[in-house]
Amino acid sequence: MENLFKKGFLLGIGVAASGKEKLENTLEKYVSAGQLTKNEARSLLEATSEKGKNEINSWNNEIKKKTTEQLKQLGFVTQEDFKEIQAQLVLLQEELELLKQSQNK
Numbered sequence: 001m002e003n004l005f006k007k008g009f010l011l012g013i014g015v016a017a018s019g020k021e022k023l024e025n026t027l028e029k030y031v032s033a034g035q036l037t038k039n040e041a042r043s044l045l046e047a048t049s050e051k052g053k054n055e056i057n058s059w060n061n062e063i064k065k066k067t068t069e070q071l072k073q074l075g076f077v078t079q080e081d082f083k084e085i086q087a088q089l090v091l092l093q094e095e096l097e098l099l100k101q102s103q104n105k
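Per full-length UniProt numbering, numbering through the sequence shown is continuous, rising by one, with the last residue being 105.
A few of these clues could be false.
[Said to hold, decoys possible] In silico DSSO-like links for lysine-lysine, alpha-carbon gap of 27 Å or less: (1) 53 to 38; (2) 38 to 66; (3) 51 to 38; (4) 66 to 22; (5) 64 to 29; (6) 20 to 53; (7) 64 to 38; (8) 65 to 29; (9) 51 to 66; (10) 64 to 51; (11) 38 to 65; (12) 53 to 64; (13) 20 to 83; (14) 83 to 64; (15) 83 to 72; (16) 22 to 53; (17) 83 to 65; (18) 66 to 53; (19) 83 to 105; (20) 51 to 72; (21) 65 to 53; (22) 72 to 105.
[Stated by the list, open to error] Across the chosen pairs, the derived CB separations fall in these ranges: (23) 44 to 80: 49 to 55 Å; (24) 63 to 37: 37 to 43 Å; (25) 75 to 37: 57 to 63 Å; (26) 76 to 100: 32 to 38 Å; (27) 84 to 54: 28 to 34 Å; (28) 31 to 61: 47 to 53 Å.
None of these hints come from the bench; they were simulated from the model.
The structure displayed is predicted, hence computed values, not measured ones.
The C-beta atom is built at its ideal place from N, Cα and C for all residues, glycine as well.
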């Protein structure tokens, strides 16, 4: 499961890197042609990169959410649910031990 998220994340990074490189080349052409200043090109690149990072994070979160929902539908529990059940079990074991001790007196 974790591997699936990692692959999705790396795919997103690859797409972003490829897109960033193409955008950099295009912006360099505009700067060379005098259609943009270097500062304008840098601002556009930064804004686009930030938006891309946000999109990748959003995509990864959506995949994780959907996968978690599907696993719940199949009857799997989350780690959080499992830890909560474990804690309840420990409390029940302690209560049982106290009951046993009180009956032995």
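### Query
Where does the structure disagree with the numbered hints, that is, which hint numbers, in rising order?
2, 4, 5, 7, 8, 11, 13, 19, 20, 22, 23, 28
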